[in-house]
Structure formats: C-alpha cells, structure tokens
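Q: Work the whole structure out from these sequences, hints included.
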Amino acid sequence: MASAVAGKRRPLGSLKTKEAITGYLFILPWLIGFVAFTAGPMLFSLYASFTNYDVTSQFDWIGLKNYKRMFLTDSLYWKSMSNTLYFAVFAVPIGILVGATSAVMLNTNVPGQKAWRTIFFLPKVLTGVSVVMLWLWVFNPQDGILNSGLRALGIEKVPLWFADPAWSKPALIVMSAWSATGGILIYLAGLQGIPKQLYEAAEVDGATTSRQFFSITLPLLSATIFFKLITGINAAMQYWQNALIVTDPPGSPSNSTLFNGLHIYKQAFKESNMGYASAMAWVMFAITLLITALQFWGSKRWVYYEGERR
Amino acid sequence: MGMKWRKLMAGVITAVLALSLVVGCSGTKKEEPKPAEQPAQTTPAPEPEKKVELEFWGWWSSATRMPTINKIVDGWNKEHPNIQVKYTFVPFGDLMTKYLASVAAGNPPDVVASPDIFTVPTRAQKKQAMELSTLGADAIKDQFYPEFWKAVLYQGKAYALPWVGETKYLYYNKDHFKAAGLDPEKGPVTWDDLWSFADKLDKKEGGKLVQAGFHPLFGNFAYRGWVWNSGSLFFDNREWPTINTEKNISVMDWIKKWTDRYGYESYAAMKGANGSGPQNLFIQQKISMTIETATWEGELKKNGPSIKYGIVPVPTPDGKQFQNANYTGGFDVEIPVGAKNPKQAFEFAKYWATDAAVIWAQEQNDFPAYTKAAEKITTTEFKRMVDNMKYTGLIPLPQFAPLYNDALDVAVQDVISGKKSAKDALGTAQGEIQKMVQQNTSK
Numbered sequence: 001m002a003s004a005v006a007g008k009r010r011p012l013g014s015l016k017t018k019e020a021i022t023g024y025l026f027i028l029p030w031l032i033g034f035v036a037f038t039a040g041p042m043l044f045s046l047y048a049s050f051t052n053y054d055v056t057s058q059f060d061w062i063g064l065k066n067y068k069r070m071f072l073t074d075s076l077y078w079k080s081m082s083n084t085l086y087f088a089v090f091a092v093p094i095g096i097l098v099g100a101t102s103a104v105m106l107n108t109n110v111p112g113q114k115a116w117r118t119i120f121f122l123p124k125v126l127t128g129v130s131v132v133m134l135w136l137w138v139f140n141p142q143d144g145i146l147n148s149g150l151r152a153l154g155i156e157k158v159p160l161w162f163a164d165p166a167w168s169k170p171a172l173i174v175m176s177a178w179s180a181t182g183g184i185l186i187y188l189a190g191l192q193g194i195p196k197q198l199y200e201a202a203e204v205d206g207a208t209t210s211r212q213f214f215s216i217t218l219p220l221l222s223a224t225i226f227f228k229l230i231t232g233i234n235a236a237m238q239y240w241q242n243a244l245i246v247t248d249p250p251g252s253p254s255n256s257t258l259f260n261g262l263h264i265y266k267q268a269f270k271e272s273n274m275g276y277a278s279a280m281a282w283v284m285f286a287i288t289l290l291i292t293a294l295q296f297w298g299s300k301r302w303v304y305y306e307g308e309r310r
Numbered sequence: 311m312g313m314k315w316r317k318l319m320a321g322v323i324t325a326v327l328a329l330s331l332v333v334g335c336s337g338t339k340k341e342e343p344k345p346a347e348q349p350a351q352t353t354p355a356p357e358p359e360k361k362v363e364l365e366f367w368g369w370w371s372s373a374t375r376m377p378t379i380n381k382i383v384d385g386w387n388k389e390h391p392n393i394q395v396k397y398t399f400v401p402f403g404d405l406m407t408k409y410l411a412s413v414a415a416g417n418p419p420d421v422v423a424s425p426d427i428f429t430v431p432t433r434a435q436k437k438q439a440m441e442l443s444t445l446g447a448d449a450i451k452d453q454f455y456p457e458f459w460k461a462v463l464y465q466g467k468a469y470a471l472p473w474v475g476e477t478k479y480l481y482y483n484k485d486h487f488k489a490a491g492l493d494p495e496k497g498p499v500t501w502d503d504l505w506s507f508a509d510k511l512d513k514k515e516g517g518k519l520v521q522a523g524f525h526p527l528f529g530n531f532a533y534r535g536w537v538w539n540s541g542s543l544f545f546d547n548r549e550w551p552t553i554n555t556e557k558n559i560s561v562m563d564w565i566k567k568w569t570d571r572y573g574y575e576s577y578a579a580m581k582g583a584n585g586s587g588p589q590n591l592f593i594q595q596k597i598s599m600t601i602e603t604a605t606w607e608g609e610l611k612k613n614g615p616s617i618k619y620g621i622v623p624v625p626t627p628d629g630k631q632f633q634n635a636n637y638t639g640g641f642d643v644e645i646p647v648g649a650k651n652p653k654q655a656f657e658f659a660k661y662w663a664t665d666a667a668v669i670w671a672q673e674q675n676d677f678p679a680y681t682k683a684a685e686k687i688t689t690t691e692f693k694r695m696v697d698n699m700k701y702t703g704l705i706p707l708p709q710f711a712p713l714y715n716d717a718l719d720v721a722v723q724d725v726i727s728g729k730k731s732a733k734d735a736l737g738t739a740q741g742e743i744q745k746m747v748q749q750n751t752s753k
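Same order as they appear, the protein sequences are chains A and B. The first sequence begins at 1 in the numbering used here and counts up by one. The second sequence begins at 311 in the numbering used here and counts up by one.
Simulated from the structure, these hints should not be mistaken for lab results. Please read all numbers here as calculations on a predicted model, not as lab measurements. Mixed in with the good hints, there may be bad ones.
Taking lysine to any residue pairs in the SDA-like style, the calculated list, with each CA pair at most 20 Å apart, reads [claimed, not checked]:
no.	chain 1	residue 1	chain 2	residue 2
1	B	Lys730	B	Lys513
2	B	Lys436	A	Asp60
3	B	Lys513	A	Asp143
4	B	Lys408	A	Asp60
5	B	Lys729	A	Ser82
6	B	Lys581	A	Ser82
7	B	Lys581	A	Asp143
8	A	Lys270	B	Lys513
9	A	Lys79	B	Thr738
Partial selection, computed: residues in chain A whose CB lies under 10 Å from chain B [to be verified]:
no.	residue
10	Asp54
11	Ser57
12	Gln58
13	Leu76
14	Pro141
15	Ile145
16	Gly149
17	Ala152
18	Leu160
19	Asp164
20	Pro165
21	Pro253
22	Ser256
23	Glu271
The C-beta atom is built at its ideal place from N, Cα and C for all residues, glycine as well.
A: Take a look at the structure:
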C-alpha cells in the first residue's frame, strides 16, 4: 500500500509515505463507516435488485425481471417518474430564484437587517410534521388563508389544492418555495465573497443597479448557484416524505402526489417487494447521476470560478 | 496562556468528545434473554423456572388507552414473577414497518399486537410471524369465534391469535334532528332515509355549507364497505376480481350523487376540516349523521359530552340488515419469527387474547374474538355490540391482491372529483387489480 499510495517509487518510511499513512489513519473511522453503512448496503441492494428479495422469506436470482416490470408493465412507475420530474422542473428553479433574490435583498443595508435575516432563515429551522400539518390548514379549500386571500382578490374559482389532482403538486411546490428561503445562508456567503471594489468601479463608470446585478453579482455568484442547483436537483428527485404526511391515503388524489420515492417506499414496505424497490432505487440513482454529469458539462459555459481565466 | 492553554483546551475537548461517543454508543442495557426451550407438542408445559422479560409492542399511548394497558400488564406481572412483560409504544404508522425490520435484523420483540388480522396469512407466508399451532394455539381454537379463527390460518396452521374486532354503527345527532323537525328517536334505516333526512338537516350560511346531513365517505366507512353493504363483492370464488360489475358501479354513482349534492369544493373543504379527537366532524357538530366504530362512543362521550346522540345499525339500500351490512377489521397478537422465548411469549399472548381481552372489552368497548367474553360482560353497550356483530362482516383480503384497495381509492377520487365516470374509473381499477393478481400468482 505504501508505494501505491505515493504513486511513484519511494523508499518505505519516507516522510511523504508517513504523511499518507497518517492521513489514511485519520479518515479510517469514516472509511469504515462508509463501507459498512453506505457502500456495503448499496452494493447489497444492487445485487438484491436482480432478485425477488422480500426481507424475510425469499432471495432468489431472477435476472432482469424487476427492471422489465418497472419499464414495461408498471404504469405506476411512469406516473411516479412524471410526478417527480414535474416537481423537479418547477421546484428547483423557483427555489433558487427565491433563495437568491432573498439573499440579495438581505445583503443590502436596510434597517433591521439582522432581524429580517433571522425571519427569512426560520423555514430552515421550522421543519417536521407539525409544520406540514399547518400547511394543510393554509391550503384548506374553504377556510384556509390562501384561498380566503384569493377570494378577497376577486378570484371566484379558487384551486382546491390537495383535493384536486391538478393542484396538489403546485401546493407542494409552494411549500418547498417557502422552505427555500432557508438557503439564504449559502447565498449570503457567496455574496459576501464578491469584492466590493468591483461595485465601486462599476458605479464610477456609471452602471445602474440592475446592470451591476447582471454583470457583477450574477456571474460571481454562479458558483454558489451551481452548487445549489446540483443539491436542489438531488433533493427534488428524492422528495416524497411531505407527500406521505400531507395526503391520505398517501399519493392521493389520484396518484398525483405519488413520487418515485413514495412508490419505492410502498413497494418495499407495504408489499415487501424489496428486490423490486432496490431496482427502482438504482434506476433513480443512475438518472440523478446522469443529470448531475450533464450539469457539470454544461457548467463550463456559465459558471465562473474565482481566479479563473476565460 | 498561548500554546499551553491551547493544548489544554484541545485535550479537554477531545476528552469530552470521546466521552460523549462512548456514552452515545452504549445504548440501553437490555437483559440477555435466555435461550428458548423446545415448544410443546399439544399442551403447553408448566412455566419454566428461569426469569424472562418479554417485550410487547402496541400502538397505544393515549390517556384513553394506557390505564387499561397498564392494568393488564401490571396484573400479569404480579401473577407471573418469572415472565415479566414490558409494554413498548410504537406509533401506529411505524408499527408494521418496525416489526418487519426487527425480524430482518434478528432482534424482534416477543409479542406484537397487530392492527390487521387480514394480513396474517401474508406475514405467515413471508416467515415474519411464528407458527403458533404447535405452541398450543390449536388447543384453544374453540375459544374464538370461527370467523376470527379462520382469518389467522395459513395452510391450516394458526399464525396469530385473534384478539378483537369492531362493529360499526350509524351515530346521529338528536338535537339536529329535533331542530330539523325529525323524530329524534327514529334513526335512518334505508339509503333513501339518509338522503331525505339530509334534505332537512343540511344548513347553509351565506352560500357556505356549515352543517351537512350526511356523506357516505365522512366517517369510518369506505367505498368497499358500501359495496358490501349493498350485497355485492369484489372477488369471485376463485379470487378473481369482479370490480366493475353493474352493482358496484351503481354504488359508486350513489357516492358521486352525494358529493354533487354539496359540490366537490364543499366536500373537499369539509374533508379538510376533519380530524381526530375533538376535531372529528361529528363532534364538531358539522355533520348530523356519521358512521363510526362502537369503540368510538368513548371518544364521543369524552370530546363531545354535550352532544345527544342516537345509535342505529348502518342503513342498507332496502333497510334489511344482514351479515355484511357493516364491516370490521380485526386486531390480533403475533409472535415474530426469531423471538427468543416463544413458549413464554405464547403464554402471554394467550392471556392477552382471552382474559385480558375481556378486561379490554369492558373498558375500551371493543368486541373480543373470545367467545366467553359475552358471558362475562353484561353492559348494555356490550349487548348492543353482540347484537350488531350479526350484521358485521369479516371480509378477508384476497390472497393475490392484498393491496387492491389502493386501486379502489384512486377510482373513488377520480369519480368524485369528476375526472372519470364511475364505469371508466372502475374499469381501470379492474385492470389494475387483474395485473396485481397476475403479478402475484407468477412469483
């Protein structure tokens, strides 16, 4: 291991080798945990995806049967993928928009700036089932404040939110947009990293605030936005717990909130089809990996890193 | 100060972190269970001498239930110093998942109360529930009602002990009846009664529905209950689905008629306002008639003490009562595969399903599967339940489509929201359930 670590031929016991071994020893606890609790189970589930594993009674190899069932006969699978995609396509950009604009607003020197930052950060801290239940009341078709507000604005036919298959996902997207303000921390950090001299120079040259925003703030914030984009897409592809809490039965109405994760959960734990659920999970992993790879490839065009030369 | 101080602080922080790691990882101490003895062949052997602690999982933690649980468990513990039982609360939504996970992990509890007697054969087949016939279950099978006993069998052997079932009534608000000019002593008998009574009971204030007479889906009764109530079934003798028959479609249309009576928006708003405990629509006095279990009467008395209510059997289309007029699930008690002390666990499970069930029935108003309970309990509530059990069906889950209700739920939502006609929605459900059966029979 010693020579392989260094990559070149070095005498045993050299300083670099010693440093390398020390480094590995330091990360050994994490490495053991990773292999035992993450990589190991992942490989197990990859194997299980080719079997009829049901946790307690059978574990026979069945080849590609699970994958065939997923793509060819399971109509709920395609429904769950389209639900997840719908959510990702809308929730991620909206989340980034909300987070970034909130952060830009909170970066200006307004009175009570610290208080505002705390208020906007609250959604990050207010999590859990109780918050989701409160949202249910907000979205109540007759008595909820959202629809009452819409009616006060003169809208007669208000959406029925969780009672209507067409409006249940938008309701969840609104909920996730509210939570997105919790991400201002990362954006604020990114904004603080932009040198003030650039703004001063631009102002001297006569640039308007909006010109400054588009030509200075956005490009220099692009690395942060890229980070939020990747993590946002990951989170959206795995979004389903709120659907479990909010809808009764889960996935209603008419399977409009049956996200991929919820479908996997039902198959794994309600029908004990652990092998099939593992197959679906690995397909989702592959899709997310592909999307992330595409984002990295595309990032060359719009993400500027500090100190980079174009 | 400086270097020495920093080194000291680093040492202190490391020590604190290490200590917390050790404390955090040690977990709770559990008495090492003794190895199990060989299960007896016909009659259970006398209690072994060594002391054993059994872990018993249930989903109750409320102030309504806990006194009875504690009474039963403490009473058992006093009588059986060598078999001590510890009750552990597991939230209802997590119970079955945790049960499965614990069997897979190899450290399951000793006894589990299960809220779904109809999935016992599934758990038996999947080697999750232990076979109890050889532990002594067959010896006591005559102590249970035959319908309940049938439900716990898989390939002729028992894999659980039936515990309680329920029965459902139609509750109605006598004050609302009086105010509407209806006789408060005469509850509805037919489906038409429900409709005509509701005509007088509905109340609107400024265009908004504030009191609904009735809706088939507000209460503890689902579409499948109404199908059974109308005399129809979902599966034929060969367990092949017969979902979209004329009868079933007409029941769906009936439910749609009720939804259209109020408008889908009002229906959805009312449904959204429904909750548990004091938030129940009937207790909020937002609906005048509802269907709930017999055991719910306790909640009604506690959370709505001022409500004067009447109880009648669930109305049928023609008013005649029969075995499937209302339906019940059933609860049972099981021993997970891998439990360390099956013999002692069975002793407690047997007690739970027989004598303890009587205590439970007396205090919680459930209906035990234990036949002798009817001799021991003579309250009016219990007599009423025994009478109503004649009209309560114990309809098992089809073996090859245990999740058929998921497809029915989708169909109901599609119809009442106006997305699909009853015929189309049930046609889709028929297709889905057929697929389920084919998928499960080809495994």
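Q: Now tell me if each hint is right for this structure.
A: Structure-based check of each hint:
1. B/Lys730 <-> B/Lys513: The given pair, whose Cα atoms are some 29 Å apart, is violated under the 20 Å limit.
2. B/Lys436 <-> A/Asp60: 14 Å, holds
3. B/Lys513 <-> A/Asp143: Given pair B/Lys513, A/Asp143 holds - Cα atoms ~17 Å apart, limit 20 Å.
4. B/Lys408 <-> A/Asp60: Answer violated: B/Lys408 to A/Asp60 is near 24 Å, above 20 Å.
5. B/Lys729 <-> A/Ser82: 19 Å, holds
6. B/Lys581 <-> A/Ser82: Violated. B/Lys581 to A/Ser82 sits at ~27 Å, over the 20 Å cutoff.
7. B/Lys581 <-> A/Asp143: Between B/Lys581 and A/Asp143 the Cα gap is close to 11 Å, so the pair holds against 20 Å.
8. A/Lys270 <-> B/Lys513: At roughly 41 Å apart (the allowed maximum being 20 Å), B/Lys513 and A/Lys270 break the hint.
9. A/Lys79 <-> B/Thr738: 15 Å, holds
10. Asp54: 6 Å, holds
11. Ser57: The hint holds - A/Ser57 has a Cβ within 10 Å of chain B, the shortest such distance being about 4 Å.
12. Gln58: 8 Å, holds
13. Leu76: This interface hint holds because 8 Å falls under the 10 Å limit.
14. Pro141: 5 Å, holds
15. Ile145: At about 13 Å, which exceeds the 10 Å cut-off, the nearest Cβ of chain B leaves the hint on A/Ile145 violated.
16. Gly149: Where the cut-off is 10 Å and the nearest Cβ of chain B is about 15 Å from A/Gly149, the hint is violated.
17. Ala152: Violated, about 15 Å.
18. Leu160: 5 Å, holds
19. Asp164: Where the cut-off is 10 Å and the nearest Cβ of chain B is about 7 Å from A/Asp164, the hint holds.
20. Pro165: 7 Å, holds
21. Pro253: 4 Å, holds
22. Ser256: 9 Å, holds
23. Glu271: 6 Å, holds
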